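Asker: Listed here are the chains, written in short residue letters.
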Amino acid sequence: MRVIIVGAGEVGFHLAERLSQENQDVVVVEADPERAERASELLDVMTVVGNGASIPVLEEAGIRGAKILLAVTSQDEVNLISCLAGSRLGADYTIARISNPDYYTSGSVLSRERLGIDLMINPEREAARETFQLLQSAAATDVANFAEGRVQLVGLVVREGAAVAGKSLGRLGVELKEYHYVLAAIVRGGETIIPDGSSRIEAGDHIYVLSPASEVLSIPPLAGYEPFDLKRVMIAGGSAEGLFLAQVLEEHHIECTILDRDRRRCLELAEALPKSLVLHGDATDLELLEMEGVSGIDGFVAATGNDETNLLSSLLAKSVGARKVVSLIEKFEYLSLVPRVGLDAAVSPRMSAVNAILRYVRRGRVTTVATLKGIDAEAIEFRVSEDSAIANRLIADLSFPRGAIIGTIIRGDVILIPRGPDLVLPGDEVIVFALPEAIPEVEKLFG
Amino acid sequence: MSLRRILNVVGLLQVFMGLSMVLAGLVSLFYRDGDTVGIFLASVLTSAVGLVTYRRTRFKGDILPREGFAIVTLAWTAAAFFGALPFLFTGTIQGFIPAWFESMSGFSTTGATIFTDIEALPHGVLFWRSFTQWLGGMGIIVLAIAILPYLGVGGMQLFKAEVPGPTPERLRPRITQTAKLLWLVYLGLTALEALLLMLGGMDLFDASTHSLATMATGGFSPKNASIAHFESPYIHYVIILFMYLAGVNFALHFKAAAGRLDYFKDHEWRFYTGLLLGAAVLLMVLNLAGGSYPLSLAGVEHALRDGLFQSVSIGTTTGFVTADYELWVPGAIMVLFILFFTGGMAGSTGGGPKAVRILLLLQQTAKEMRKHLHPRAVLLIRVGRRVVKEDVLANVLGFVILYALLFIAGATALALLGVDFVTALGASAATVGNIGPGLGAVGPTDNYGWMSDSALVVMSFLMLVGRLEIYTVLLLFHPETWRKA
Numbered sequence: 001m002r003v004i005i006v007g008a009g010e011v012g013f014h015l016a017e018r019l020s021q022e023n024q025d026v027v028v029v030e031a032d033p034e035r036a037e038r039a040s041e042l043l044d045v046m047t048v049v050g051n052g053a054s055i056p057v058l059e060e061a062g063i064r065g066a067k068i069l070l071a072v073t074s075q076d077e078v079n080l081i082s083c084l085a086g087s088r089l090g091a092d093y094t095i096a097r098i099s100n101p102d103y104y105t106s107g108s109v110l111s112r113e114r115l116g117i118d119l120m121i122n123p124e125r126e127a128a129r130e131t132f133q134l135l136q137s138a139a140a141t142d143v144a145n146f147a148e149g150r151v152q153l154v155g156l157v158v159r160e161g162a163a164v165a166g167k168s169l170g171r172l173g174v175e176l177k178e179y180h181y182v183l184a185a186i187v188r189g190g191e192t193i194i195p196d197g198s199s200r201i202e203a204g205d206h207i208y209v210l211s212p213a214s215e216v217l218s219i220p221p222l223a224g225y226e227p228f229d230l231k232r233v234m235i236a237g238g239s240a241e242g243l244f245l246a247q248v249l250e251e252h253h254i255e256c257t258i259l260d261r262d263r264r265r266c267l268e269l270a271e272a273l274p275k276s277l278v279l280h281g282d283a284t285d286l287e288l289l290e291m292e293g294v295s296g297i298d299g300f301v302a303a304t305g306n307d308e309t310n311l312l313s314s315l316l317a318k319s320v321g322a323r324k325v326v327s328l329i330e331k332f333e334y335l336s337l338v339p340r341v342g343l344d345a346a347v348s349p350r351m352s353a354v355n356a357i358l359r360y361v362r363r364g365r366v367t368t369v370a371t372l373k374g375i376d377a378e379a380i381e382f383r384v385s386e387d388s389a390i391a392n393r394l395i396a397d398l399s400f401p402r403g404a405i406i407g408t409i410i411r412g413d414v415i416l417i418p419r420g421p422d423l424v425l426p427g428d429e430v431i432v433f434a435l436p437e438a439i440p441e442v443e444k445l446f447g
Numbered sequence: 001m002s003l004r005r006i007l008n009v010v011g012l013l014q015v016f017m018g019l020s021m022v023l024a025g026l027v028s029l030f031y032r033d034g035d036t037v038g039i040f041l042a043s044v045l046t047s048a049v050g051l052v053t054y055r056r057t058r059f060k061g062d063i064l065p066r067e068g069f070a071i072v073t074l075a076w077t078a079a080a081f082f083g084a085l086p087f088l089f090t091g092t093i094q095g096f097i098p099a100w101f102e103s104m105s106g107f108s109t110t111g112a113t114i115f116t117d118i119e120a121l122p123h124g125v126l127f128w129r130s131f132t133q134w135l136g137g138m139g140i141i142v143l144a145i146a147i148l149p150y151l152g153v154g155g156m157q158l159f160k161a162e163v164p165g166p167t168p169e170r171l172r173p174r175i176t177q178t179a180k181l182l183w184l185v186y187l188g189l190t191a192l193e194a195l196l197l198m199l200g201g202m203d204l205f206d207a208s209t210h211s212l213a214t215m216a217t218g219g220f221s222p223k224n225a226s227i228a229h230f231e232s233p234y235i236h237y238v239i240i241l242f243m244y245l246a247g248v249n250f251a252l253h254f255k256a257a258a259g260r261l262d263y264f265k266d267h268e269w270r271f272y273t274g275l276l277l278g279a280a281v282l283l284m285v286l287n288l289a290g291g292s293y294p295l296s297l298a299g300v301e302h303a304l305r306d307g308l309f310q311s312v313s314i315g316t317t318t319g320f321v322t323a324d325y326e327l328w329v330p331g332a333i334m335v336l337f338i339l340f341f342t343g344g345m346a347g348s349t350g351g352g353p354k355a356v357r358i359l360l361l362l363q364q365t366a367k368e369m370r371k372h373l374h375p376r377a378v379l380l381i382r383v384g385r386r387v388v389k390e391d392v393l394a395n396v397l398g399f400v401i402l403y404a405l406l407f408i409a410g411a412t413a414l415a416l417l418g419v420d421f422v423t424a425l426g427a428s429a430a431t432v433g434n435i436g437p438g439l440g441a442v443g444p445t446d447n448y449g450w451m452s453d454s455a456l457v458v459m460s461f462l463m464l465v466g467r468l469e470i471y472t473v474l475l476l477f478h479p480e481t482w483r484k485a
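Quick mapping for you: the protein sequence lines, in order, are chains A and B. So for the first sequence, the numbering used here puts the first residue at 1; every next one is plus one. So for the second sequence, the numbering used here puts the first residue at 1; every next one is plus one.
Honestly, I wouldn't trust all of these hints.
Think about it this way: if two alpha-carbon atoms lie no more than 25 Å apart in a straight line, the pair counts; the simulated BS3-like pairs of lysine-lysine are [what the hints assert, rightly or not]:
no. : chain 1 : residue 1 : chain 2 : residue 2
1   : A       : 275       : B       : 160
2   : B       : 180       : A       : 275
3   : B       : 265       : A       : 275
4   : B       : 367       : A       : 275
Hints are computed from structural coordinates only; laboratory data are not their basis. Remember, predicted model here, so these are calculated numbers, not experimental data.
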């Protein structure tokens, strides 16, 4: 399957990396020769230097036989034209990265449907959405959505003295019969364990739990967290992500303070955010943060657009008692630092975008994939067809591979927490949690 | 600054002024009140002077922006001057100063009159009084722009100088079209009101003169007792409604006529409406508690109607009366006195500082308070979703200060001329705000006829400056305006 990626910036580069690792034929179109050079040196991809919105350049990249065109430059207009040209030149699917909301508002004359673009993705908005979900729970380190958000995967660290600490899954199954959840993975000492009935949960474990979205909030108290109500949020940094997040908070009537060091940006923020308090100041100015009540604030988000500043700002906020701190981190290398320095959670806008695009690229059998930070396993949503090996079989009879677990089964409106006597039916959507080495075997079951 | 260009436009406007007197002449002819000749004489003289001035000052090129102020101010002064001629030529007013005052009070939509017995006046003159208000309401310049395409280019400058409010709205790309639409809505509402008043039993003459004065937020009534002359609650409510509508931004009416009901989305509208309703209810409660009205169902209705009428009449700067508010409890008089300083919406025919300026000022105050709590906050002021720019805010602040200064200066001048304290304050507020009836000896049942000529000159100036929203007139007194460009 040939995939053409227009733009070898951060998002494009990582998409190319992931897709080529998955044995796709990737062609990267990039206008900047140096970036193109870097991609062809570091990745197993073909590169074409040129404007991705130009038809001859797209033809040179082989658009006529291509399955998917991903236009992910930082310029909306280039991405739009590239996709328009691509779909007319024969690409089966086109995906555009679009930041300006004017272009993707539904019902507009330039809406996705009218333009014939299969997916418009806004990395900043995806990141803001993910941040908002993380903020809503004091405990969550990761959140991923499945089945249009009806099922959520939440990562959290088990606290000392928590109700579940020191107990085996078998015992918990009896004790917590009322709860609907599946423990999908345990990360202990850097190692990922896909648990079975005999596995035990210890304090300090980083656990990943799948649950219907309506019941997600019942999980943190079991892991030793107090109930949490998000009322006040401070956002340090008026980046695009910060602004989107503030807009989401305003929509949910959550009190929001946002600060930026650039006065002109502050004016833009104040204009876009009628209900938020906009401050002119630095994200690491502790005096200002304290004056504006960062200690004891429900949520603090560092979104300055600079990783180092974000980390520092988050640490300051955490040190003076912000309850939930989320840091936006671009560099993948820094993500593993987040739990080690004691921060609650991190969001990578780039990874959010890459995930969202990959989800779509793999569609067909696979509807959703979530790659999680600091853990090897992936959560994959499969659709069961008539001729899948798994169809019409009892869960108890399945020889499910080691290192993989069935999380939930979505059958129409019903969300099933799988038990031994349940049947897997054609048409079901099944969320599987699996270590990379188990994925090929899992795919066979659904193939 | 070119006097030639200024006089040219002013001359042309006087031709219009002369022609509009023909209408009053025809009314006079119809009622055979014997003043037809006088009015037609005034018409011919005005048109002739205008035409000669216009013909002798023709020029090529465009009007300069700063000439706009001079043109508008001079045009209004001249309109008041020639508008006084029908009063003089028919012998209804003896001196020139009182006639000029009456005419300026008409054009500026103030509604302050020097007549003691209005009902004794001939029909032609009565019609002319109401008609000056109607012309001044939407603005004689806006009318000229609507009719004369030749003012198109410099038109926006003139338009800005005349239309009330901080930033006039364009309804159409061309200023001529915008002006036309505004006049069309204005005409339509006036006709509708006249029709509704006739349905309530008024004759054609009373209905049309009252409608002309209502839609202009003017307040000239051909009856001595103003609207109190009519005892029908229906007529009171119709006039309340149309005074209220006249105080609303005409751009909103136009949008409504085009099928878009944007009233509720407009924050100035909400403020304006809330203020008038709140004041009306407050007046009713105070009056009922103070025993001015009986505590029966009819009494409550009457108190509410009078409260509504007076608050809307003063709040929109119309100046009609159905009750002698000076007999009310002091608290109620104070509520009305506060309404002397609010005015209609920007883009309406109302006078005063305008609701939007008060709204912005209140928000600016709230912003300063909030700034103390969050010294580093970047706070914006908005009307609805729209952010108000700093320079507009500075302009508004300057305006309100000038307005207050003008009010104080006017009251001081009147006091120096021997007018008593309460009357001086009331008369100054009522003329700067283009309201009409004031307090004390110029209250709702009194008139301005007893005042000295010098006091009338002071108030004529206040009315002009108030109607043209201060900057337009005061700029003429700024030395830099007169430097050669």
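Asker: Would you list, in rising numerical order, the hints stated earlier that this structure does not obey?
Answerer: Of the numbered hints, 1 and 2 do not hold.
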